[in-house]
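Work out the full structure, taking the sequences as your base and the hints as a guide.
Residue numbers (our numbering), protein chains in the order written: chain D, 1 to 308; chain R, 1 to 302; chain L, 1 to 507.
Read the hints as simulated data drawn from the structure, not as lab findings.
Just to be clear, a hint being listed does not mean it is correct.
[Claimed, not checked] DSBU-like, lysine-lysine: derived pairs with alpha carbons at most 30 Å apart:
#1 K166(R) / K365(L)
#2 K307(D) / K100(R)
#3 K145(R) / K365(L)
#4 K365(L) / K153(R)
#5 K307(D) / K129(R)
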Amino acid sequence: MQNSFAYFLDQLINGLTLGSIYGLIAIGYTMVYGIIGMINFAHGEIFMIGAFVSIITFLLLGMAGVTWVPLALIIVLVVAMTLTAIYGWTLERVAYRPLRRSPRLAALITAIGMSIFLQNYVQLLQSARNKPMQPVVSGGVQVFEQQGYVVSLSFMQMIIIVLTVLLMIIFTTVIVRTTLGRAQRACEQDRDMAALIGVNVDRTISLTFVMGAALASVAGLMFLLYYGVIDFYIGFLAGIKAFTAAVLGGIGSLPGAMLGGILIGLIEAFWSGYFTVEYKDVAAFSILVLVLIFRPTGLLGKPDIEKV
Amino acid sequence: MSAADSFAAPVAEVPGGGQTLLTVEHLTMRFGGLVAIDDVSFLGADGRITAIIGPNGAGKTTLFNCLTGFYKPTVGRLTLHHPEGEFLLERLEGYRTAQKASVARTFQNIRLFPRMTVLENLIVAQHNKLMRASGFTAAGLFGLKVYRDAEAKAVDLARYWLDHTKLTEKADVEAGNLPYGDQRRLEIARAMCTEPVLLCLDEPAAGLNPRESHDLNDLLRYIRNEHKIGILLIEHDMSVVMEISDHIIVLDYGRKISDGTPKAVRNDPAVIRAYLGQEEHEELPPEIMAGADNAGRSPDDA
Amino acid sequence: MAVSAAEGIDIRPLNLAAMVREASITALVVFALAIGLVGFETLDVPGGVAIRTRFADVAVVMALAFVGRIALILLREHRPRPVLIVAPILTAIMLVLLLSETIFGSESGAALKRFMPFHDPVVLWGVVAVTVILAVRAAYAQTHVSSSLTLEERDARMDRIGAGVQRAARLLGPLLLGAAIVLPFMPFADRRVLDIGVLVLMYVMLGWGLNIVVGLAGLLDLGYVAFYAVGAYSFALLATQFDVSFWVALPFAGLMAGTAGVLLGFPVLRLRGDYLAIVTLGFGEMIRVILLNWYSFTGGPDGVSGIPRPSFFGLAEFSRSVPDGTAFHEMFGLEYASIHRIIFLFYLILAMALVVNVFTMRIRKLPIGRAWEALREDETACRSLGINPRNTKLTAFGIGAMFAGFAGSFFATRQGFISPESFTFIESAVILAIVVLGGFGSQIGVVIAAVVLIGLPEFFRDLQQYRMLAFGMAMVLIMLWRPAGLLAHREPTLRLFGRDKKPETNS
Ligand SMILES: Nc1ncnc2c1ncn2[C@@H]1O[C@H](COP(=O)(O)OP(=O)(O)OP(=O)(O)O)[C@@H](O)[C@H]1O
Ligand SMILES: [Mg+2]
Numbered sequence: 001m002q003n004s005f006a007y008f009l010d011q012l013i014n015g016l017t018l019g020s021i022y023g024l025i026a027i028g029y030t031m032v033y034g035i036i037g038m039i040n041f042a043h044g045e046i047f048m049i050g051a052f053v054s055i056i057t058f059l060l061l062g063m064a065g066v067t068w069v070p071l072a073l074i075i076v077l078v079v080a081m082t083l084t085a086i087y088g089w090t091l092e093r094v095a096y097r098p099l100r101r102s103p104r105l106a107a108l109i110t111a112i113g114m115s116i117f118l119q120n121y122v123q124l125l126q127s128a129r130n131k132p133m134q135p136v137v138s139g140g141v142q143v144f145e146q147q148g149y150v151v152s153l154s155f156m157q158m159i160i161i162v163l164t165v166l167l168m169i170i171f172t173t174v175i176v177r178t179t180l181g182r183a184q185r186a187c188e189q190d191r192d193m194a195a196l197i198g199v200n201v202d203r204t205i206s207l208t209f210v211m212g213a214a215l216a217s218v219a220g221l222m223f224l225l226y227y228g229v230i231d232f233y234i235g236f237l238a239g240i241k242a243f244t245a246a247v248l249g250g251i252g253s254l255p256g257a258m259l260g261g262i263l264i265g266l267i268e269a270f271w272s273g274y275f276t277v278e279y280k281d282v283a284a285f286s287i288l289v290l291v292l293i294f295r296p297t298g299l300l301g302k303p304d305i306e307k308v
Numbered sequence: 001m002s003a004a005d006s007f008a009a010p011v012a013e014v015p016g017g018g019q020t021l022l023t024v025e026h027l028t029m030r031f032g033g034l035v036a037i038d039d040v041s042f043l044g045a046d047g048r049i050t051a052i053i054g055p056n057g058a059g060k061t062t063l064f065n066c067l068t069g070f071y072k073p074t075v076g077r078l079t080l081h082h083p084e085g086e087f088l089l090e091r092l093e094g095y096r097t098a099q100k101a102s103v104a105r106t107f108q109n110i111r112l113f114p115r116m117t118v119l120e121n122l123i124v125a126q127h128n129k130l131m132r133a134s135g136f137t138a139a140g141l142f143g144l145k146v147y148r149d150a151e152a153k154a155v156d157l158a159r160y161w162l163d164h165t166k167l168t169e170k171a172d173v174e175a176g177n178l179p180y181g182d183q184r185r186l187e188i189a190r191a192m193c194t195e196p197v198l199l200c201l202d203e204p205a206a207g208l209n210p211r212e213s214h215d216l217n218d219l220l221r222y223i224r225n226e227h228k229i230g231i232l233l234i235e236h237d238m239s240v241v242m243e244i245s246d247h248i249i250v251l252d253y254g255r256k257i258s259d260g261t262p263k264a265v266r267n268d269p270a271v272i273r274a275y276l277g278q279e280e281h282e283e284l285p286p287e288i289m290a291g292a293d294n295a296g297r298s299p300d301d302a
Numbered sequence: 001m002a003v004s005a006a007e008g009i010d011i012r013p014l015n016l017a018a019m020v021r022e023a024s025i026t027a028l029v030v031f032a033l034a035i036g037l038v039g040f041e042t043l044d045v046p047g048g049v050a051i052r053t054r055f056a057d058v059a060v061v062m063a064l065a066f067v068g069r070i071a072l073i074l075l076r077e078h079r080p081r082p083v084l085i086v087a088p089i090l091t092a093i094m095l096v097l098l099l100s101e102t103i104f105g106s107e108s109g110a111a112l113k114r115f116m117p118f119h120d121p122v123v124l125w126g127v128v129a130v131t132v133i134l135a136v137r138a139a140y141a142q143t144h145v146s147s148s149l150t151l152e153e154r155d156a157r158m159d160r161i162g163a164g165v166q167r168a169a170r171l172l173g174p175l176l177l178g179a180a181i182v183l184p185f186m187p188f189a190d191r192r193v194l195d196i197g198v199l200v201l202m203y204v205m206l207g208w209g210l211n212i213v214v215g216l217a218g219l220l221d222l223g224y225v226a227f228y229a230v231g232a233y234s235f236a237l238l239a240t241q242f243d244v245s246f247w248v249a250l251p252f253a254g255l256m257a258g259t260a261g262v263l264l265g266f267p268v269l270r271l272r273g274d275y276l277a278i279v280t281l282g283f284g285e286m287i288r289v290i291l292l293n294w295y296s297f298t299g300g301p302d303g304v305s306g307i308p309r310p311s312f313f314g315l316a317e318f319s320r321s322v323p324d325g326t327a328f329h330e331m332f333g334l335e336y337a338s339i340h341r342i343i344f345l346f347y348l349i350l351a352m353a354l355v356v357n358v359f360t361m362r363i364r365k366l367p368i369g370r371a372w373e374a375l376r377e378d379e380t381a382c383r384s385l386g387i388n389p390r391n392t393k394l395t396a397f398g399i400g401a402m403f404a405g406f407a408g409s410f411f412a413t414r415q416g417f418i419s420p421e422s423f424t425f426i427e428s429a430v431i432l433a434i435v436v437l438g439g440f441g442s443q444i445g446v447v448i449a450a451v452v453l454i455g456l457p458e459f460f461r462d463l464q465q466y467r468m469l470a471f472g473m474a475m476v477l478i479m480l481w482r483p484a485g486l487l488a489h490r491e492p493t494l495r496l497f498g499r500d501k502k503p504e505t506n507s
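Dropping the structure here:
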């Protein structure tokens with residue numbers, strides 16, 4: 001069975017779906033790293049909060065009798081993006097902004113402290129147990145069949161992939177076309193200089209966190225839809241993998257983050273499909289170490305020569 | 001660019017006199033599309049001060065970064081004629097330039113260890129020597145005499161440079177708490193504690209007041225005359241350059257536009273043109289054209 | 001409005017509307033943060049998840065945010081008096097509510113308790129802490145010209161305190177050590193107290209080990225517990241599979257952990273520090289995944305059991321009867337007591353921790369230790385001085401890992417049983433919190449922090465649930481308040497003029 005084309009196709013579809021989720025989280029890492037040069041360790045937690053807000057909204061909609069799936073999805077998407085974005089904004093405002101000119105170590109410790117805090121905050125408020133949810137979207141289309149092995153593309157996977165592509169298009173347009181995007185690129189290159197020529201640096205950085213958090217919340221929603229169960233700990237591993245994706249694609253590069261996400265998703269899916277499911281997380285981690293050894297600038301990253 | 005003979009020594013004799021210490025041949029450094037240094041060749045001499053001047057962005061700091069192992073040159077050969085043999089600096093990565101070839105440097109933006117004391121800064125500079133003496137830590141852990149003696153010697157050397165940079169009084173102060181001028185001198189003292197054969201100073205007089213600047217001139221002359229090492233000096237202050245250097249190299253947009261004794265460079269039309277083209281550098285042309293009267297001084301009158 | 005504080009600060013007229021607007025925005029943000037996760041609770045019911053509302057809590061949180069913000073604005077505008085009046089009143093009310101049962105007896109106390117804004121007293125204690133801090137700040141502002149210190153002033157002050165603590169430690173250290181040595185013979189030192197003592201000392205040792213990596217070398221290691229796990233499993237497997245005794249396996253376990261550290265650090269340490277943080281974070285998790293899944297080797301989730309207990313230096317065993325050897329109590333002609341082993345473990349970990357401490361104090365004054373600190377300060381400058389950054393960092397990282405390995409083998413032999421459960425990220429976070437709270441590079445700080453963070457929750461089991469929340473928050477607050485670490489103070493490793501002769505004092 002494992003060497004049939006159908007099986008391969010099945011893993012490919014799974015990999016792309018997973019990769020979309022990782023890619024959306026990875027964008028947040030990459031943007032923040034690009035603009036303030038630090039790893040936002042709490043970003044995985046933001047993703048987890050997005051998933052929790054999504055499940056709560058779904059349950060409320062269910063109680064309110066909103067059963068038309070497209071409408072429910074859109075409402076959840078909007079609510080989750082908004083509320084999670086505010087978490088992202090607050091995180092930057094409260095924890096990172098005061099430390100912008102402090103030693104790196106201090107900023108990193110704050111980030112990890114924030115991550116621990118948010119994880120336990122959700123655990124205390126929502127209990128440590130798994131939160132399962134009935135599948136919202138079911139069904140799918142059969143795309144391929146081989147010796148009785150049916151490969152199908154579920155509607156949910158379609159939603160995930162289409163939504164990701166859509167968000168990527170919107171997002172790229174924002175970065176390339178708008179003043180915000182230009183301000184962001186200016187801050188990335190030289191924050192003091194950008195401030196001198198009238199860019200509102202604080203606001204730009206805030207918006208970067210807001211956008212990163214909003215995308216992470218979409219990833220959280222997708223994760224919830226895809227696996228049908230979440231807990232307060234999902235942000236940890238997903239965060240590490242998404243970071244790996246960002247590094248693999250070249251940290252600081254937006255297309256790189258998406259590419260890295262897809263690759264990590266594919267690697268994970270194929271590893272689980274052809275080798276062992278247990279070690280799929282180890283596979284992603286090994287990729288991180290290998291990339292750091294052989295190509296620290298990632299696939300699409302620019303070499304970073306330190307000016308002295 | 002691969003043929004070895006294209007690197008045949010392009011300059012015959014060092015303009016300021018002295019034994020050749022450093023040979024730079026066809027050095028080119030590109031950052032993407034930007035050519036920061038473009039086919040620069042020159043010689044630097046032992047026991048002489050070689051000034052490197054040029055407008056902002058001319059590529060002076062980049063040249064230092066190539067020499068001291070921070071950047072790997074795109075093209076070019078950098079040979080250091082060390083008493084223990086020749087070193088090809090472009091092949092030594094990073095820290096090895098200082099460790100093996102004894103090239104020391106200071107930075108345009110001061111880089112001290114701010115939370116360590118002045119004395120500690122100078123002891124850290126003698127790291128490699130002390131590591132060997134401490135038996136790579138083993139002998140040190142047990143407090144053997146070999147190590148204690150080596151440390152005492154290191155403190156003596158530090159003391160020597162503290163005395164010569166007028167920092168002895170402040171030996172136990174955190175480096176970050178020193179006034180700006182002291183920090184500049186401490187950086188030079190720290191570089192000297194590595195016992196270099198070539199010392200690269202990146203704008204050591206920047207931000208100093210005239211009095212400090214004058215003391216700095218004395219210090220540099222002292223290092224040159226007593227320790228007989230080669231000094232490369234990047235400096236914007238022409239009074240300093242003309243007063244103490246034996247040999248001047250002028251860079252502009254990454255290219256060498258002049259190379260010679262202070263007198264020759266001052267009268268070089270190419271230099272005058274390069275500087276006149278730059279409005280921000282009014283401070284230079286009058287000095288160059290007036291042929292500043294303090295120019296003819298010999299290196300030894302301090 | 002009364003103008004308080006002293007002259008010399010120009011006090012702007014208070015813009016009430018602006019103040020209310022600012023506080024309202026804060027309350028609104030808090031509303032947005034709270035409505036999802038605080039406002040609704042997901043309940044586990046058979047066959048899925050149900051939902052319950054907690055709107056009252058959201059309202060209270062918003063109100064607190066509003067009032068708190070107004071207090072902060074008033075302090076910022078140099079008008080501490082209203083804060084000085086309201087904050088203590090609020091504190092008093094909360095305290096009455098909290099202690100109602102003890103004050104008014106259980107019946108009316110319980111009735112009063114219903115007015116508590118949160119069901120959980122711990123949250124209320126948190127609010128009390130905030131109001132107390134506000135009151136103290138207001139009182140300070142009332143009596144001082146400037147209500148808040150600049151970052152530098154605060155840093156200088158904390159540095160003086162840190163220096164004071166370290167000076168005191170020169171006296172206190174031996175006293176503490178003496179106290180630790182006599183502790184097992186104290187009448188109150190029962191099994192429980194000794195167990196907690198051993199636990200605290202284990203974390204002291206881990207904290208000191210991590211302090212080499214984080215405090216001295218400035219490398220953020222978020223997977224410290226992974227090396228602890230490597231040490232523990234190396235020891236456990238050697239001891240159970242190959243019958244190697246504790247005293248032989250101990251150095252080997254340290255070596256294994258150190259090697260793991262070097263192998264992991266090698267590719268990463270030439271890159272920027274952030275990468276090390278995330279790689280160690282990932283490594284900690286991967287070690288756990290491997291331990292869980294490599295069933296044939298590690299026993300998977302079942303762990304390794306039957307790990308031999310340490311003998312008395314290979315001379316005698318701590319058991320009632322030893323078939324082929326001597327028993328400890330027979331050797332010394334004592335009555336058999338099971339606590340002998342615990343006392344021995346206590347001294348063992350005390351000695352191991354001391355070794356780490358002495359090692360750290362010595363190595364700080366050696367070239368390698370100075371190079372670690374120099375690298376933490378400025379890696380570029382180090383390269384210009386011929387210091388090999390990667391190898392130097394690697395030694396710090398490897399030595400830190402090795403000490404974790406030693407501690408791990410102690411853990412294994414003490415428990416007699418280990419499983420992947422014991423090596424989660426939370427453990428790494430706790431050790432890091434100890435180092436951060438104690439102050440980077442401060443040996444005595446680690447001891448204090450370990451006693452506070454490990455000892456206290458052991459005695460107050462109710463707080464367990466909030467422990468990690470508090471640790472995370474503490475890390476953030478400490479970094480915001482003083483990025484160098486709470487009690488951090490750096491003593492020079494050598495002086496030209498000796499400690500007392502100060503030719504010139506700067507600052
Ligand atoms: N790491 C780098 N990446 C990209 N460009 C660089 C880098 N380092 C230097 N440059 C560019 O190379 C050119 C030369 O810079 P350099 O710092 O050498 O000038 P300089 O002569 O030292 O000027 P100044 O007098 O202002 O110090 C500049 O245009 C600079 O932007
Ligand atoms: Mg320069």
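Hints versus structure:
Between K166(R) and K365(L) the alpha-carbon distance is near 25 Å, which keeps this suggested pair within the 30 Å criterion. Between K307(D) and K100(R) the CA atoms are separated by roughly 23 Å; this keeps the pair inside 30 Å, and the hint holds. At most 30 Å may separate the alpha-carbon atoms for a hinted pair to count; K145(R) and K365(L) meet this at roughly 15 Å. Distance hint between K365(L) and K153(R) is fulfilled; the C-alpha atoms sit about 15 Å from each other, no more than 30 Å.
Between K307(D) and K129(R) the alpha-carbon distance is near 28 Å, which keeps this suggested pair within the 30 Å criterion.
Checked against the numbered hints above, the structure violates none of them.
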